[in-house]
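*Asks:* Single-letter residue listing:
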Amino acid sequence: MLRSINKSHKTNKSDKSSKAQDIWLYLHFPLLSLETLLPQVPADQAHKPIATVSLEKNIQRVLCCNTQAEAWGVESGLSVSTALALCPELLVLPRKIEQEQQHLQQLALLAYSFSPVVILDNDTGLWLEISGCDKLFKGYNALLQALEKRLVYEAITAVNGIGQNPLAAKLLCQPSFQTQLPKPTEIQHLLMTTDLSRLETSRKQQQSFEQLGLKSLGDLLALSRSALSRRFDAELMNRIAQLNNEKPFTAPRFQPGDSFHDLVQNPQGIFNKESLLFPMKTLLQRLCQYLVARQCHCREIEWHFEPLIGESQQMQIQLSGSQNNWSTLLMLSRLQLDRLELPRSVEQIILHADQFIEAPMAVFNLDLFGDQQAAQQSCELIDSLNARLGIEALSQPVLNQDYLPELASTLATPGKPIKTAANKPLTAPQPLWLLTEPAPVQMRNQQLYWRQPLTIISGPERLCGNWWQAEQQRDYYLACDNRGARYWLFRESANQRWFVHGLFS
Amino acid sequence: MHNNNIASVLTRTDTWRGYSQRLPRSTIATGHSHLDRLLQGGWPVSALSELLPQQPGIGELSLLLPTIKYYADNHQLCVWLDPPYQPYAPTLVAAGIALDKLLIVRSKSPAEWLWAAEQSIRSGALLLAWAKQKPPRYADLRKLQLAAANSNNAAFLFSAPSALDAPSPVALRLELQSLQVNQLLLRVRKMRGTASGEQLQLHLGEASAQRIPFTQLPADRHHGYSSHAVLTLNS
Numbered sequence: 163m164l165r166s167i168n169k170s171h172k173t174n175k176s177d178k179s180s181k182a183q184d185i186w187l188y189l190h191f192p193l194l195s196l197e198t199l200l201p202q203v204p205a206d207q208a209h210k211p212i213a214t215v216s217l218e219k220n221i222q223r224v225l226c227c228n229t230q231a232e233a234w235g236v237e238s239g240l241s242v243s244t245a246l247a248l249c250p251e252l253l254v255l256p257r258k259i260e261q262e263q264q265h266l267q268q269l270a271l272l273a274y275s276f277s278p279v280v281i282l283d284n285d286t287g288l289w290l291e292i293s294g295c296d297k298l299f300k301g302y303n304a305l306l307q308a309l310e311k312r313l314v315y316e317a318i319t320a321v322n323g324i325g326q327n328p329l330a331a332k333l334l335c336q337p338s339f340q341t342q343l344p345k346p347t348e349i350q351h352l353l354m355t356t357d358l359s360r361l362e363t364s365r366k367q368q369q370s371f372e373q374l375g376l377k378s379l380g381d382l383l384a385l386s387r388s389a390l391s392r393r394f395d396a397e398l399m400n401r402i403a404q405l406n407n408e409k410p411f412t413a414p415r416f417q418p419g420d421s422f423h424d425l426v427q428n429p430q431g432i433f434n435k436e437s438l439l440f441p442m443k444t445l446l447q448r449l450c451q452y453l454v455a456r457q458c459h460c461r462e463i464e465w466h467f468e469p470l471i472g473e474s475q476q477m478q479i480q481l482s483g484s485q486n487n488w489s490t491l492l493m494l495s496r497l498q499l500d501r502l503e504l505p506r507s508v509e510q511i512i513l514h515a516d517q518f519i520e521a522p523m524a525v526f527n528l529d530l531f532g533d534q535q536a537a538q539q540s541c542e543l544i545d546s547l548n549a550r551l552g553i554e555a556l557s558q559p560v561l562n563q564d565y566l567p568e569l570a571s572t573l574a575t576p577g578k579p580i581k582t583a584a585n586k587p588l589t590a591p592q593p594l595w596l597l598t599e600p601a602p603v604q605m606r607n608q609q610l611y612w613r614q615p616l617t618i619i620s621g622p623e624r625l626c627g628n629w630w631q632a633e634q635q636r637d638y639y640l641a642c643d644n645r646g647a648r649y650w651l652f653r654e655s656a657n658q659r660w661f662v663h664g665l666f667s
Numbered sequence: 010m011h012n013n014n015i016a017s018v019l020t021r022t023d024t025w026r027g028y029s030q031r032l033p034r035s036t037i038a039t040g041h042s043h044l045d046r047l048l049q050g051g052w053p054v055s056a057l058s059e060l061l062p063q064q065p066g067i068g069e070l071s072l073l074l075p076t077i078k079y080y081a082d083n084h085q086l087c088v089w090l091d092p093p094y095q096p097y098a099p100t101l102v103a104a105g106i107a108l109d110k111l112l113i114v115r116s117k118s119p120a121e122w123l124w125a126a127e128q129s130i131r132s133g134a135l136l137l138a139w140a141k142q143k144p145p146r147y148a149d150l151r152k153l154q155l156a157a158a159n160s161n162n163a164a165f166l167f168s169a170p171s172a173l174d175a176p177s178p179v180a181l182r183l184e185l186q187s188l189q190v191n192q193l194l195l196r197v198r199k200m201r202g203t204a205s206g207e208q209l210q211l212h213l214g215e216a217s218a219q220r221i222p223f224t225q226l227p228a229d230r231h232h233g234y235s236s237h238a239v240l241t242l243n244s
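Line order of the protein sequences matches chains A and B. With the working numbering as the guide, the letters of the first sequence map in order to residues 163 to 667. With the working numbering as the guide, the letters of the second sequence map in order to residues 10 to 244.
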C-alpha cells in the first residue's frame with residue numbers, strides 16, 4: 163500500500179515533466195563501522211571508550227570512535243599506538259567491511275519505506291529522492307522527523323544534506339540531522355558558499371584550485387565552461403554538469419534482494435532458549451521490513467542456530483497461509499523452538515526466507531463478511547498447532563475417486579490443496595466413523611460378535627476395488643447391536659470372513 | 010477507563026444482572042426443533058458442552074453434523090481433537106461439509122491435549138474434543154470453559170458416561186442413550202439456568218424393526234461363479 167502510493171506519485175510526476183524539482187536527501191552514517199560492531203560488544207564493556215580501526219598504508223588507523231573515546235582525545239586518523247597512548251583503556255575493534263555493507267543494506271531497506279528511489283553510496287551513505295513523498299507523511303518536515311526518529315530507534319547516528327541533485331546533497335551534508343526542509347534559494351546559497359576542499363578530487367586539482375584563487379564552489383561555477391574544460395579533466399566537468407542539473411545522476415537504484423538472509427552474532431554465546439528470543443525478534447522485524455518493502459508475504463522461514471564448535475541446528479517454519487507479521491512469526495518460532503534440541507551455546511543465529519507470495523490485496527479491502535478474517539484465523543491456528551505438536555499430529559480427511567472405503571477416504575497433511583473428487587453416491591447409508599483397520603468379527607452360535615452380539619439390519623451392497631483381486635470384493639451390511647449402536651460390516655467374497663469397518667455415529 | 014471496565018463486565022454472558030429474568034444466552038440452532046426447545050434455543054455459544062454417549066456409534070456425531078456444516082459454511086475451522094476413529098469423508102461430503110474446513114489433531118500427552126483444545130477455542134474454531142482413557146481434570150475443564158466463555162464459539166467434549174460421577178464445570182451436560190436403532194434418548198444432566206433432569210426422545214431416522222437372520226443372508230453367488238470358471242479353465 164505504502165509502496166504503491168509512493169510509486170504512483172513518482173510515475174505521475176515523471177509523466178508530467180522532468181522539470182519538477184527533485185529533492186535529494188543524502189544520509190551519512192559517520193559511525194557506521196562502530197555501530198555495526200556495537201551489538202557484539204558485551205554489555206559491561208559498551209560504556210567504555212571504543213574505536214574501530216582499519217589498515218591504511220600498513221598502519222592501523224582509527225576510523226571512528228564513540229564519545230567516551232573522544233573525551234580522551236581520540237579522533238579518526240590517529241594511529242592505534244597514538245590512540246592507545248592517549249587512552250590506555252581504549253577497546254580497539256578491527257573494522258569488518260562485509261558486516262558494514264550488510265548493515266548499509268538494512269538501512270537502505272529502512273530508507274526504502276520512505277522513498278522509492280534509494281541509491282547506495284559506497285562511502286557509508288544513502289541517497290533518497292523524496293520529492294512527491296510528502297503526502298504520505300503530511301509534509302517534508304514530518305517526513306524528515308519520522309526518518310530521524312526511525313534512525314534513532316535503530317541506534318544509528320546519522321547526519322544529512324539536502325540538495326537539488328545527489329552531488330549537491332552530499333556536498334551540503336551538515337554536521338547534524340536537519341529536520342527542516344530548506345528553501346531552494348537557501349540551498350543554492352549554501353551550495354555556492356561551500357568550500358572547494360569538500361569536493362572530492364585529486365590533490366593536484368585541489369592545488370590548482372588554490373593557484374587560481376578559487377575558494378568556494380560559487381567561484382568555480384562562475385568561470386566559463388570553456389575556460390574550465392581547458393584546465394580540468396573530464397571527470398570534474400562531468401560533476402559540474404551534474405551539480406548544475408545538466409546531466410542526470412546515473413547510479414543503480416537500490417532494490418530489495420530476491421531472498422532474505424540475515425544473521426545476528428553473539429560471540430559470548432547464548433545458553434538458553436529465552437535469551438534467543440530477543441535476537442530472533444530483531445531478525446524477524448528486519449524480515450518484515452523487507453516483506454513490506456517488497457510488498458509480499460512469506461510462506462516459510464528457516465532458522466539456523468550455529469554454535470562455536472559442533473553441528474548447527476536448524477528449524478523450518480512452514481505457514482499454511484502467508485504472513486508478514488513479525489509477532490505471529492515469533493510466536494510460531496517460539497512454539498517450535500520448545501521442541502528443538504539446541505547446541506549448548508549458540509553463537510550465530512541466521513534467518514533465511516526465500517519463498518514469497520504477493521501480498522494479498524484483500525487485506526486492505528473493507529471486508530464486509532469477515533470471511534477473510536475467519537480464513538486468516540484458521541491459518542494461524544493450523545500454524546500454531548503445527549509449530550507446537552508437529553505436522554504429523556495434524557491431518558485432514560480427503561475424498562478420493564475410489565470405491566473401497568479405506569481408499570475413498572484418506573488423511574492428508576493440512577495446507578495442501580484438496581481435490582474433492584465426486585464419486586457416484588451409494589444408495590445405502592454410509593457411516594461417519596471408519597476403523598483404520600477392518601476388525602475381524604467372530605462367529606458365536608450363528609451370531610456375529612464384535613464387542614457384543616451383532617444383528618444384520620440391511621444389505622448387502624457390493625463394493626469392489628479392482629475386479630481382478632478377489633479379496634477386494636466385499637459385501638457391505640448394516641448391523642446393529644442390542645443397545646442401538648449401528649455398525650458397518652463386510653464379508654469378503656474370497657474367504658467369507660466378516661469384518662467391522664465402520665460405525666454409524 | 011473505569012467505564013470501559015464496567016462495559017466489558019456487562020457484555021459478558023455470565024454477569025448476572027438483577028432485573029433480567031434469565032441470562033442472555035446466545036445459541037446455535039441444532040437442526041432438530043425438539044432439541045432446540047430442550048436446550049432453550051440450541052447449543053450454547055461461548056460455553057463448553059459435554060456429550061456423554063452411553064457407547065460410541067449410537068448417533069452422537071450426527072447430532073452435531075448441522076453445527077459442523079454451519080461453521081464450515083462460515084469458513085471457520087472445525088478441530089477434531091483425538092477422535093476415536095477416522096472420520097469417513099464420503100459421508101461428510103454427502104452432508105455438505107467442506108473437507109478442508111476439518112482438521113484432525115492427535116495429541117501425545119494430556120498437556121498437549123489441553124493446549125490444542127484451548128488454542129482452538131481461542132482461535133475461533135469449532136472444537137470437538139474426545140476425552141482419552143483418563144478423563145480431563147476439573148481444573149483443565151474449567152480452563153477450557155473459561156476460554157470458551159471469552160470466545161464466541163461453541164465447543165464440545167465427548168466423554169464416557171462414567172464421567173457423570175464427577176462434577177464438571179461445563180455449561181451443559183447431555184447424556185445420550187439409544188433406545189433402539191435411530192432413536193436417541195437425551196437426558197439433560199446439567200444446564201445453566203435450569204434444573205436438570207429433562208428428557209427428550211429424538212428420532213434420527215426411521216426406526217426399522219427389520220432384522221435379517223444370519224442364515225437368510227444371500228449367498229455369495231458371484232464368487233461361486235468365478236470359482237467355477239476357474240475350475241473349468243483348469244480342466
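By construction, these hints were calculated from the structure, which means they are not laboratory data. We put the CB at the ideal spot given by N, CA and C, even for glycine. Heads up, some of the hints might be wrong.
The following residues of chain A were derived to be distant from chain B, with all beta-carbon distances above 10 Å [stated by the list, open to error]:
id, residue
1, Lys311
2, His423
3, Leu425
4, Glu542
5, Arg550
6, Thr598
7, Ser620
With the C-beta cut set under 8 Å, the calculated list includes, among others, these residues of chain A facing chain B [as the list claims (entries may be wrong)]:
id, residue
8, Asn407
9, Ala515
10, Leu543
11, Ile544
12, Gln609
13, Arg648
*Asks:* Evaluate the condition: distance from the CB of arginine 550(A) to the nearest CB of chain B exceeds 10 Å.
*Replies:* Per Cβ check, arginine 550(A) is inside 10 Å of chain B; nearest 7 Å; violated.
*Asks:* Is the nearest Cβ of chain B still more than 10 Å from the Cβ of serine 620(A)?
*Replies:* Not fine: 7 Å to the nearest Cβ puts serine 620(A) too close to chain B.
*Asks:* Checking hints one by one. Is asparagine 407(A) an interface residue toward chain B, by the C-beta closer than 8 Å rule?
*Replies:* At about 56 Å, which exceeds the 8 Å cut-off, the nearest Cβ of chain B leaves the hint on asparagine 407(A) violated.
*Asks:* Does isoleucine 544(A) hold up as a contact with chain B if the rule is Cβ-Cβ below 8 Å?
*Replies:* holds, 7 Å
*Asks:* With chain B as the partner, please determine if leucine 543(A) meets the hint condition of a C-beta pair closer than 8 Å.
*Replies:* Holds - the Cβ of leucine 543(A) comes within 8 Å of chain B, reaching about 4 Å at its closest.
*Asks:* May I ask you to check that glutamate 542(A) keeps its beta-carbon over 10 Å from the closest beta-carbon of chain B?
*Replies:* The claim is violated: glutamate 542(A) sits with its nearest Cβ about 6 Å from chain B, within 10 Å.
*Asks:* Checking a non-interface call: every C-beta of chain B should be farther than 10 Å from the C-beta of threonine 598(A). Is that right?
*Replies:* violated, 6 Å
*Asks:* Beyond 10 Å from chain B, beta-carbon-wise, is leucine 425(A)?
*Replies:* holds, 31 Å
*Asks:* Hey, does the glutamine 609(A) contact hint survive, CB to chain B under 8 Å?
*Replies:* holds, 7 Å
*Asks:* Far enough from chain B: is every CB of that chain over 10 Å from the CB of histidine 423(A)?
*Replies:* Non-interface label stands for histidine 423(A): nearest chain B Cβ at 31 Å, farther than 10 Å.
*Asks:* Going by Cβ atoms only, is alanine 515(A) closer than 8 Å to chain B?
*Replies:* violated, 24 Å
*Asks:* Decide, holds or violated, for the assertion that all CB atoms of chain B are farther than 10 Å from the CB of lysine 311(A).
*Replies:* holds, 28 Å
Comparing the model with each earlier hint shows violations of hints 4, 5, 6, 7, 8 and 9; every other hint is respected.
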